[in-house]
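Trainee: Construct the complete structure from the given sequences, taking the supplied hints into account.
Protein chains: 2
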Amino acid sequence: MPREITAYSNPLIKRMRNLRDKRHRREEGLFLAEGLRILTEAREAGRIPDYLFYTAESARHPLVAPLVAATEAQGGEAIETNADILSKLSGKDNPGSVVGVYPEFALELSAIDRSTAPIWLVAERLRDPGNLGTILRTGDAVGAGGLILLDDCVDPFSVEAVRASMGALFTVPVARARWEEFEPWLRAGPGQLVGLSLDTSHDYQAPRYAAPTFLLTGNEAQGMPPHMEQACDLLVKIPMLGKADSLNAAVATAVMAYEVRNQFRHG
Amino acid sequence: MPREITAYSNPLIKRMRNLRDKRHRREEGLFLAEGLRILTEAREAGRIPDYLFYTAESARHPLVAPLVAATEAQGGEAIETNADILSKLSGKDNPGSVVGVYPEFALELSAIDRSTAPIWLVAERLRDPGNLGTILRTGDAVGAGGLILLDDCVDPFSVEAVRASMGALFTVPVARARWEEFEPWLRAGPGQLVGLSLDTSHDYQAPRYAAPTFLLTGNEAQGMPPHMEQACDLLVKIPMLGKADSLNAAVATAVMAYEVRNQFRHG
Chain A
1 MPREITAYSN
11 PLIKRMRNLR
21 DKRHRREEGL
31 FLAEGLRILT
41 EAREAGRIPD
51 YLFYTAESAR
61 HPLVAPLVAA
71 TEAQGGEAIE
81 TNADILSKLS
91 GKDNPGSVVG
101 VYPEFALELS
111 AIDRSTAPIW
121 LVAERLRDPG
131 NLGTILRTGD
141 AVGAGGLILL
151 DDCVDPFSVE
161 AVRASMGALF
171 TVPVARARWE
181 EFEPWLRAGP
191 GQLVGLSLDT
201 SHDYQAPRYA
211 APTFLLTGNE
221 AQGMPPHMEQ
231 ACDLLVKIPM
241 LGKADSLNAA
251 VATAVMAYEV
261 RNQFRHG
Chain B
268 MPREITAYSN
278 PLIKRMRNLR
288 DKRHRREEGL
298 FLAEGLRILT
308 EAREAGRIPD
318 YLFYTAESAR
328 HPLVAPLVAA
338 TEAQGGEAIE
348 TNADILSKLS
358 GKDNPGSVVG
368 VYPEFALELS
378 AIDRSTAPIW
388 LVAERLRDPG
398 NLGTILRTGD
408 AVGAGGLILL
418 DDCVDPFSVE
428 AVRASMGALF
438 TVPVARARWE
448 EFEPWLRAGP
458 GQLVGLSLDT
468 SHDYQAPRYA
478 APTFLLTGNE
488 AQGMPPHMEQ
498 ACDLLVKIPM
508 LGKADSLNAA
518 VATAVMAYEV
528 RNQFRHG
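Note that the protein sequences, when read in sequence, are chains A and B.
Under our numbering, the letters of the first sequence match residues 1 to 267, in that order.
Under our numbering, the letters of the second sequence match residues 268 to 534, in that order.
No wet-lab data here; the hints were simulated from the structure.
One or more hints might be untrue.
What the hints assert, rightly or not - Straight-line C-alpha distance at most 25 Å; calculated DMTMM-like pairs for lysine to aspartate or glutamate:
hint, chain 1, residue 1, chain 2, residue 2
1, A, K92, B, D288
2, B, K359, A, E160
3, A, K243, B, E427
Unchecked claim - What the simulated footprint calls covered on chain B by chain A, stretch by stretch (three residues with Cβ under 8 Å from a Cβ of chain A suffice, anywhere in the stretch; the number is not a length):
hint, stretch
4, 301-313
5, 396-404
6, 408-422
7, 429-441
8, 502-516
9, 519-530
Quick reminder that beta carbons are idealized off the backbone N, C-alpha and C, glycines included.
Mentor: Written out as structure tokens, the structure is:
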């Protein structure tokens, strides 16, 4: 039976709101996601929240009942609240109709079966949560096996990253590793490491890619460090006609990932 | 001779800081841009700030002197200030070393010569300033003639849009128009209107595009309205393999723009 919380001073609300900070997420092992579309995507992927917050009004939506049922069936708590508290949890004026609090999940490199997908996305020191979420969304679209985050990337469980992923955080596996772990793991099996770089004249459409392709995108401002460039099987560049010397990192990843995917689908 | 401002209460600083709000930008006809890279890009494109703010420390950077000189030569004011004020102007903890205040510029549809470029980007009701800036950056890279913003788009002169454009706001012409103006203008000359849509099975790689191609991207959440879809010469879809039904709008625009550009360069 759902309980009702309407006071912002309620300790659970305060605790959940703190999950907007990385330190609290780390301590609790929980993160926030918002919006019916994203929570439904999560449910369909088998991810059920520990806590589900909704309003009396949103309870009438046909997609909310299955969320409430799934949450309670799995021992979580469904909590009716008001729009003001929902908006404080999400940090948005217009938070959508539901907020879920989920246990963080982690994927070990050793648990990845690279034969399950022809494309894998890899990013190193990604700083922008919007880019991270957008890359996950692209990963879902191109059928990537997962996203491997190298070294000090922004937290994929931040509110901004979850939002930008539009639910892909729940459908695209995310692993985190140091380069020193990743490189031996990569070399212990088949696959080519293709790096996006500005330090090459090799056009991204010239090579014939072979599955599995691991597509490596470097830090937004600096690109990848020299030792990673040297470790790539191939460095490629997306040609640019204008004044700027680089594309947005999520855009470059997408243009590249669609090139690989298009080659695979056309033969 | 540069003047010095170190008090946040200085009326000019207050006035400039207000430019972070759309209403004040509209009243003043001015907008903020930050960072040496972006301001230098602007200078090279012939855009000189009315006001240039820098710190004593940044004054030693070899790219700051030409900015100061250009600003003063054009009757603008170069103002030495401190990092705290720079950061308050930009709204970022780490604002970079310079902030410029520029006159807004506008481009009329009637002033566009479509024969100058094979690709033109068009977006309608774009809501996210990061997407707008990212699309400008992509426009620069693919050699687009400009970006035409239809109906109620987010302000291209917002701090977030300027930042995401990484300087492309200064190099890629931006026009704003209502659909009712755009459609007759478009049809008064050569060019095909290609719309990105989820309501078609037509693969984006199937058509042979012809210059000039006007590439239309719809609103992030809703796509474009039916009357615009009907007005397109061609609706195309980027295939998606995953659970999600759409890509980020800036990503979709880039994947599509590179397909058109690649066809033009290869054939």
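Trainee: Can you name, in rising order, the numbers of the hints this structure does not satisfy?
Mentor: none
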